[in-house]
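Q: Go ahead and model the full structure; you've got the sequences and the hints to work with.
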Amino acid sequence: MEGCKTGDEIAIQVQDVKKSFRLYYDKGHTIKDKALHRGRRQYHVSEILKGISFAVKKGEALGLVGHNGCGKSTLLKLLTRIMYPDGGSIVLNGRVSSLLELGAGFHPDMSGRENIYINASIFGLGRKEIDQRIGRIIEFSELEEFIDNPVRTYSSGMYMRLAFSVAINVNADILLIDEILAVGDVNFQAKCFRRLMEIKGAGTTIVLVSHSTAQIERICDRSIWIQDGLVKKEGSPADVHREYLDYMARQREDAMGAAQAETARDTGKDASREKQACHMHMRKSIPQDGQEKNHPVEIVSAVLKDADDKKRVVFRLGETVRLELELNALARMEEYLIEINLVRADGLFCAGCSTAEDGAACSAWLGRKRLELCFSRMELLAGNYHFDLHIAKADGGTFFFGGNIAAFEVAQREPGRGIVHLNHSWIWE
Amino acid sequence: MRLAKELWEYREMVISLVKRDLKSRYKGSVLGFFWMFLNPLLQLAVYTVVFSTILRAGIEQFYLFLFVALVPWIFFNTCLSAGTTVIFSQQDMVKKIYFPREALPLSFTISQFINMLLSFAVIFLVVLLSGRGLHLRALAFLPLVMAAEFLLALGTVYFVSALNVYFRDLEHILGIVSMAWMYLTPVLYSLDMVPQQYVGLFYFNPMTAVIISYRKILYDGVPPHMDTLLGSLAVGAAVLLAGQAVFGRLQRHFAEEL
Numbered sequence: 001m002e003g004c005k006t007g008d009e010i011a012i013q014v015q016d017v018k019k020s021f022r023l024y025y026d027k028g029h030t031i032k033d034k035a036l037h038r039g040r041r042q043y044h045v046s047e048i049l050k051g052i053s054f055a056v057k058k059g060e061a062l063g064l065v066g067h068n069g070c071g072k073s074t075l076l077k078l079l080t081r082i083m084y085p086d087g088g089s090i091v092l093n094g095r096v097s098s099l100l101e102l103g104a105g106f107h108p109d110m111s112g113r114e115n116i117y118i119n120a121s122i123f124g125l126g127r128k129e130i131d132q133r134i135g136r137i138i139e140f141s142e143l144e145e146f147i148d149n150p151v152r153t154y155s156s157g158m159y160m161r162l163a164f165s166v167a168i169n170v171n172a173d174i175l176l177i178d179e180i181l182a183v184g185d186v187n188f189q190a191k192c193f194r195r196l197m198e199i200k201g202a203g204t205t206i207v208l209v210s211h212s213t214a215q216i217e218r219i220c221d222r223s224i225w226i227q228d229g230l231v232k233k234e235g236s237p238a239d240v241h242r243e244y245l246d247y248m249a250r251q252r253e254d255a256m257g258a259a260q261a262e263t264a265r266d267t268g269k270d271a272s273r274e275k276q277a278c279h280m281h282m283r284k285s286i287p288q289d290g291q292e293k294n295h296p297v298e299i300v301s302a303v304l305k306d307a308d309d310k311k312r313v314v315f316r317l318g319e320t321v322r323l324e325l326e327l328n329a330l331a332r333m334e335e336y337l338i339e340i341n342l343v344r345a346d347g348l349f350c351a352g353c354s355t356a357e358d359g360a361a362c363s364a365w366l367g368r369k370r371l372e373l374c375f376s377r378m379e380l381l382a383g384n385y386h387f388d389l390h391i392a393k394a395d396g397g398t399f400f401f402g403g404n405i406a407a408f409e410v411a412q413r414e415p416g417r418g419i420v421h422l423n424h425s426w427i428w429e
Numbered sequence: 430m431r432l433a434k435e436l437w438e439y440r441e442m443v444i445s446l447v448k449r450d451l452k453s454r455y456k457g458s459v460l461g462f463f464w465m466f467l468n469p470l471l472q473l474a475v476y477t478v479v480f481s482t483i484l485r486a487g488i489e490q491f492y493l494f495l496f497v498a499l500v501p502w503i504f505f506n507t508c509l510s511a512g513t514t515v516i517f518s519q520q521d522m523v524k525k526i527y528f529p530r531e532a533l534p535l536s537f538t539i540s541q542f543i544n545m546l547l548s549f550a551v552i553f554l555v556v557l558l559s560g561r562g563l564h565l566r567a568l569a570f571l572p573l574v575m576a577a578e579f580l581l582a583l584g585t586v587y588f589v590s591a592l593n594v595y596f597r598d599l600e601h602i603l604g605i606v607s608m609a610w611m612y613l614t615p616v617l618y619s620l621d622m623v624p625q626q627y628v629g630l631f632y633f634n635p636m637t638a639v640i641i642s643y644r645k646i647l648y649d650g651v652p653p654h655m656d657t658l659l660g661s662l663a664v665g666a667a668v669l670l671a672g673q674a675v676f677g678r679l680q681r682h683f684a685e686e687l
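Chains W and Y supply the protein sequences, listed in that same order. For the first sequence, counting from 1, position 391 maps to 391 in our numbering; every step adds exactly one. Positions in the second sequence are counted from 1; adding 429 to them yields our numbering.
These are computed hints drawn from the structure, not numbers from a lab. It should be emphasised that the depicted structure is a prediction, and the values quoted were computed from it without experimental measurement. Check the hints yourself; a few may be wrong.
Stated by the list, open to error - In silico lysine-lysine, DSS-like type, Cα no more than 30 Å apart, as pairs: (1) K233(W) <-> K524(Y); (2) K434(Y) <-> K57(W); (3) K310(W) <-> K200(W); (4) K18(W) <-> K525(Y); (5) K452(Y) <-> K525(Y); (6) K452(Y) <-> K232(W); (7) K524(Y) <-> K57(W); (8) K525(Y) <-> K448(Y); (9) K232(W) <-> K50(W); (10) K233(W) <-> K200(W); (11) K448(Y) <-> K524(Y); (12) K448(Y) <-> K128(W); (13) K18(W) <-> K448(Y); (14) K128(W) <-> K434(Y); (15) K525(Y) <-> K200(W).
A: Shown next, in the form of structure tokens:
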């Protein structure tokens with residue numbers, strides 16, 4: 001497409017490729033099954049790719065993104081020629097190597113060196129070509145001392161390092177990669193990444209499938225978002241990924257919204273019984289502290305909203321998060337303070353807000369009461385979080401504790417490092 | 430032609446797989462390598478005891494008569510029965526990497542063939558010890574007979590390895606088939622012992638001509654009949670082409686079926 005305009009050489013030309021799978025409910029694999037149970041062999045045809053076209057220029061790096069099951073791995077298998085398309089055509093110019101399976105053909109009883117020869121030959125290298133590369137492969141794997149030991153004596157990390165070193169040193173014209181840059185320790189990963197950049201620099205065409213959009217952005221010139229078997233968007237990785245991640249966040253929001261609506265509906269059906277149960281539950285949840293039984297508090301609702309007063313469960317960095325609570329005190333509450341803790345899903349305590357510390361007034365109250373806690377700029381990095389509510393006595397005891405009263409997710413393109421984003425700037429002197 | 434060219438490009442893969450197969454057979458155990466010789470020798474001992482002392486077949490030097498046919502039969506039989514799992518047992522590779530799928534049956538057959546060649550060292554020794562001697566004029570035809578059997582075996586491996594992906598019980602069915610096939614091939618007896626009206630039928634079995642030719646060369650010490658030999662070469666080539674065609678069609682869906 002783009003390539004044709006500029007007249008550059010095309011490495012991969014995919015034209016209207018279609019692929020469906022027959023999904024059997026109960027598939028027989030034996031002659032007996034196939035002969036006797038013909039009726040049982042029902043299937044439905046699932047169309048994975050519905051007509052995909054794109055072209056990759058020589059030396060270009062292309063990223064494929066999409067949710068699980070969108071067809072990107074199938075597409076990669078078609079490109080690798082492991083599977084054949086039902087319709088359309090795929091033209092590949094040059095030697096193709098794929099990093100889909102590492103360590104193919106490895107034999108545990110043979111030495112690392114022998115296995116390099118086997119593995120590399122499966123990638124289509126000739127003896128001379130392997131002889132030329134073997135030094136580099138061994139050096140890359142950092143297994144010089146162990147290279148003549150049988151592979152069965154290797155740790156799994158060493159095994160993967162050897163396998164990856166072979167695959168990445170094949171020097172193909174077209175390199176297809178599926179999510180495997182997570183080999184070895186951090187240093188080895190960095191090295192693989194550098195090697196990949198070198199390979200790219202040397203003019204190899206790369207197609208990378210990854211869930212890490214950040215990885216694609218670092219390597220690829222272009223990104224294709226595949227959605228339901230079709231190309232949804234194509235363009236610079238930054239543009240494509242912004243839309244893709246927004247879409248994914250909306251998806252999650254919808255899914256969570258639907259789940260919440262369901263619970264809400266159920267609650268509405270027999271609200272009184274539910275309330276009773278809830279009440280009981282809260283009473284029960286305190287008995288560790290025993291004496292608080294007499295001051296139960298109910299949470300009537302706990303909702304997260306954004307600055308526009310819209311209910312939300314997925315937020316982005318920098319947005320306003322408002323926790324709206326409606327509480328019901330069954331006994332008169334006096335001399336209390338409220339603490340709301342923000343906790344990450346793995347249990348990390350991120351932040352605590354206390355009415356006492358913030359000097360927010362807590363007047364005596366009975367019956368229903370609304371409370372809002374507002375974070376005008378939420379600076380947490382991507383992850384799942386929830387709020388815990390603690391209503392404490394002024395003297396340190398507990399009136400009420402509710403764990404995970406409201407949960408939300410922070411969706412971000414970059415997972416980021418650490419817990420929060422702190423506003424910062426760089427200054428050179 | 431395209432296939433031949435591609436297999437040539439991947440010749441290093443075929444060579445490595447053959448080497449891996451042969452090496453792995455004797456690595457790990459001291460006796461391992463000798464099993465390759467021991468196995469046919471032990472089978473030979475059993476059959477010799479049964480057929481020259483119990484079920485006397487009345488064949489002179491029966492052990493030799495049997496041995497020169499048994500070794501080639503074992504080669505073909507292994508291809509027929511163990512050949513089924515060639516693709517299935519290497520499915521991780523088949524599902525994840527591109528290479529001409531034909532390389533797997535090919536390397537399997539070659540490694541079995543090399544095993545047979547090694548056993549032939551023992552055959553030559555036994556022939557010499559028997560006092561019958563090796564006749565060069567006859568031995569000159571041995572490579573042709575071996576070639577015919579190789580083509581036949583390779584074609585068979587193409588068939589069974591591809592079909593086994595779709596019908597997993599083929600392996601077990603072929604266990605029975607290979608036993609019946611052995612008794613319907615003149616391995617344990619000579620074709621002269623077959624009632625005249627059935628002899629024609631025996632020639633529908635491509636292994637009959639192969640076994641007869643081996644026996645002519647090594648037991649009788651004379652060149653095989655040219656029409657028998659050329660016939661088995663032609664049949665071998667035909668089976669190979671048919672096997673390749675079937676394999677070529679079926680391999681398109683290997684990755685989905687496995």
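Q: Among all the numbered hints in the text so far, which are the ones the structure does not match?
A: The structure breaks hints 3, 6 and 13; every other hint is satisfied.
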